[in-house]
Amino acid sequence: MYAAVEYSDSHNQEVLASLWDGLRAEITFQLRLYRRNQGFFAFLGDRLHSEKRVSQVASFDFFENRYKIQRDGRIVGAYASEAKFLDAFFSLPRTEIAELDGGIEEDHYLMARVRMMPVKIIAPLSIITLFSSESSFATPWIEVDLKP
Amino acid sequence: MRAFQSSTTSVGLLVLILIFIVLIALIVVFSHQILINLAGVEAQANIVVYGVAIAFPLILLGLIVYQIVRLIRERANRRPGSRLKTRLIMFFVIIALLSSIPQALLSVSFVNTAINFWLEAQLGEALRGGLSISLEYYRATVENLRGFNQSPLMPFILQDLRRNPERLWQNLNTVNSEIQFVQVFDSEGREEMFRGQPQGRMQSIGTFDERTGDLPKEDREDASILRNAATFELEGARYTVVVGRLMPEGFDVQARRLTESLEIFNQLNRYKRLFRLVLIFFYFFFSFPIFLLSILVSFLLTEEIIRPIVNLEEATRRVAEGDYSIRILSRSADELSHLVGSFNRMVSELSHSREKLKQSEKISAWQEIAQRLAHEIKNPLTPIKLSAQRILKKYDTDSQTGAPEFQKVLKASVSSIIREVDNLNDLLVEFREFARLPMPRLQSVRLRELVEEVAAMYADLSAGVTMDFSRVEEQIIIRADPGQIKQVFANLIRNAIQAMPREGEVTIRSAVVHKENRQFCRIWIKDSGAGIPEEIRGRVFEPYFTSKSEGAGLGLAIVERIVFDHDGTIWFETQEDVGTTFIIDLPLG
Numbered sequence: 052m053y054a055a056v057e058y059s060d061s062h063n064q065e066v067l068a069s070l071w072d073g074l075r076a077e078i079t080f081q082l083r084l085y086r087r088n089q090g091f092f093a094f095l096g097d098r099l100h101s102e103k104r105v106s107q108v109a110s111f112d113f114f115e116n117r118y119k120i121q122r123d124g125r126i127v128g129a130y131a132s133e134a135k136f137l138d139a140f141f142s143l144p145r146t147e148i149a150e151l152d153g154g155i156e157e158d159h160y161l162m163a164r165v166r167m168m169p170v171k172i173i174a175p176l177s178i179i180t181l182f183s184s185e186s187s188f189a190t191p192w193i194e195v196d197l198k199p
Numbered sequence: 003m004r005a006f007q008s009s010t011t012s013v014g015l016l017v018l019i020l021i022f023i024v025l026i027a028l029i030v031v032f033s034h035q036i037l038i039n040l041a042g043v044e045a046q047a048n049i050v051v052y053g054v055a056i057a058f059p060l061i062l063l064g065l066i067v068y069q070i071v072r073l074i075r076e077r078a079n080r081r082p083g084s085r086l087k088t089r090l091i092m093f094f095v096i097i098a099l100l101s102s103i104p105q106a107l108l109s110v111s112f113v114n115t116a117i118n119f120w121l122e123a124q125l126g127e128a129l130r131g132g133l134s135i136s137l138e139y140y141r142a143t144v145e146n147l148r149g150f151n152q153s154p155l156m157p158f159i160l161q162d163l164r165r166n167p168e169r170l171w172q173n174l175n176t177v178n179s180e181i182q183f184v185q186v187f188d189s190e191g192r193e194e195m196f197r198g199q200p201q202g203r204m205q206s207i208g209t210f211d212e213r214t215g216d217l218p219k220e221d222r223e224d225a226s227i228l229r230n231a232a233t234f235e236l237e238g239a240r241y242t243v244v245v246g247r248l249m250p251e252g253f254d255v256q257a258r259r260l261t262e263s264l265e266i267f268n269q270l271n272r273y274k275r276l277f278r279l280v281l282i283f284f285y286f287f288f289s290f291p292i293f294l295l296s297i298l299v300s301f302l303l304t305e306e307i308i309r310p311i312v313n314l315e316e317a318t319r320r321v322a323e324g325d326y327s328i329r330i331l332s333r334s335a336d337e338l339s340h341l342v343g344s345f346n347r348m349v350s351e352l353s354h355s356r357e358k359l360k361q362s363e364k365i366s367a368w369q370e371i372a373q374r375l376a377h378e379i380k381n382p383l384t385p386i387k388l389s390a391q392r393i394l395k396k397y398d399t400d401s402q403t404g405a406p407e408f409q410k411v412l413k414a415s416v417s418s419i420i421r422e423v424d425n426l427n428d429l430l431v432e433f434r435e436f437a438r439l440p441m442p443r444l445q446s447v448r449l450r451e452l453v454e455e456v457a458a459m460y461a462d463l464s465a466g467v468t469m470d471f472s473r474v475e476e477q478i479i480i481r482a483d484p485g486q487i488k489q490v491f492a493n494l495i496r497n498a499i500q501a502m503p504r505e506g507e508v509t510i511r512s513a514v515v516h517k518e519n520r521q522f523c524r525i526w527i528k529d530s531g532a533g534i535p536e537e538i539r540g541r542v543f544e545p546y547f548t549s550k551s552e553g554a555g556l557g558l559a560i561v562e563r564i565v566f567d568h569d570g571t572i573w574f575e576t577q578e579d580v581g582t583t584f585i586i587d588l589p590l591g
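The listed protein sequences correspond, in order, to chains A and B.
In the working numbering, each residue's number is its place in the first sequence (first place is 1) plus 51.
In the working numbering, each residue's number is its place in the second sequence (first place is 1) plus 2.
I should point out that these hints are in silico values taken from the structure, not numbers from a laboratory.
It should be emphasised that the depicted structure is a prediction, and the values quoted were computed from it without experimental measurement.
Mixed in with the good hints there might be a few duds.
As the list claims (entries may be wrong) - Here are a few chain A residues that sit away from chain B, every Cβ distance over 10 Å (derived from the structure): (1) L99; (2) S101; (3) S142; (4) D152; (5) Y160; (6) A163.
As the list claims (entries may be wrong) - In silico BS3-like pairs for lysine-lysine, Cα to Cα no more than 25 Å straight-line: (7) B/K395 x A/K135; (8) B/K274 x A/K171; (9) B/K219 x A/K119; (10) B/K413 x B/K387; (11) B/K395 x B/K413; (12) B/K550 x B/K517.
Note that the Cβ used here is the ideal one computed from N, Cα and C, for glycine as well.
Using the sequences provided together with the hints, build the complete structure.
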């Protein structure tokens, strides 16, 4: 099963300002595939089938004048255009969430949320994230029904 | 023999010191890791760290509160040494604070200085300047490649492509020595020629129109390569010419480091206020448990220090109360242990002296009793002897004269002998009772019941005397031999009644009193008689001393002996023409 995510409530200017300051920005897409628990065991809550977490780190290469996006430490895109870079940064391309042998069923549903850090804070400064909520923010979980 | 000795405090102290060392080692070794882990994305993963971080100081705080409450209770109960303990703990805490406060201030000041030093404006300018220089150099190189590749000279130089590629390379190098390699592809993307640094060689150029202009910088482990591609027409064919340059070795790495340093600098600059607060918070986060631990150690250390002093104080008090069996054990080898040794020797010698004194007192007491007993026995012997002599004399006279008075004298004299012998018998019975008084068989008995029983026996002894024992408390239970204590009450009540020949009142009351950390039942037996004359007050408990015409004078001696055997005390208060009160303290049951 594959999913793609686009984050529209973006913080474009914050991200660009951070990159021009020589800092990096990070966006994390968190996807969870659940199966509804029905009947007697419904009180136990729904079963988490699989979880996928993808982080994209953006930086500006002053030498090449390009915005770069890294995923798992590898550069996955370099953009001279701001608009193209922002589109790419705030969206998760088609990504495999889980392997479903029986395909998607009616009781499957997907939960997604985005965690955003306009300034990716690196160690040892990362400790301040414990005390400041300004450095990062996250969207609420959004539920998406899946159709077989 | 009772003995005081050191308890398990020293073991507890060792355990605490061990925890102290382990805690410091953990902080030193793992603080970096803990801080990084705490700042991880998933807070749930740090729940154990949070739990330990919160629970450990809380446990320590709980233990300290427990110790403080214990100390307050000890002070309220006036436990020996509690005041000294409080003072010592205060001293320890003050010392801990005195050493911690400058250290904390120094650390905070150091953090401030270090952050300010790191974030000095000059450093930021230097970093940005370094980056600008690198960028300038980089852009100049790119510009040079682009400018040269698009210059009108290039078509002329390329004339030698087919005829003499070697000369092409030499000419190109002569005109622009910055270029380190050249590579030419035909319209199909096949390599036509390559000269210069081998690292610059591309495997393919791709489609013809897509790859012209500045090509993306190629980053390799050993070098980074800048290229520029341009298209040319030569003898009817189209070619793509790529000229390039290898950046100086380490340029890319240094540039990356410069960028990263600038990133860290900018981050620190942006969050320096928060970061400073966080560092100070973590300083206290790690040092607060250590401070608490040091307070806890001070409690145990104090306990260890004052123990011998408290033992000495307690032992001295007991010696003062007459317990010479006490000894103090000491495992240490310091001055206090020498003091303890001296104390033990002193008590031992005191005990021996007291034993000798008691022995000699006992001997002299028995000598006195023997003298008194001899005197008491001698007194009736004279009338017995006189009566016997009188019988004998009368018998001799009458047998010679035949007078009839012998029978009369015989009867009177024999009656006198019998009376005196009876007195002697009573004397010896009382003496035996006094000498062979058995040890009390202790049991818990209700005081009121004993008093009621004895009072009932003497209620009708004298018509003018009333008895009031309504203030003897119902609930008081004493540890006593009921038979012996009844004898005590009987003797005292009888004496009280005899002290009031016409009328009066015997009042008995009781109360619970605290004496030297023990609870006693105090009993007052008061009469309204004439009181005890001052000249005999010091002798009332002596055996065979009596101010009355009848009795052997052993009653109060027996009373004192019984009370003493019950681990109690007896004394009296008297005032002539007002009355006498005997006061007895007996241990509670």
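May I ask which of the numbered hints given earlier this structure violates, with the numbers listed in increasing order?
Per hint list: 7, 12 violated.
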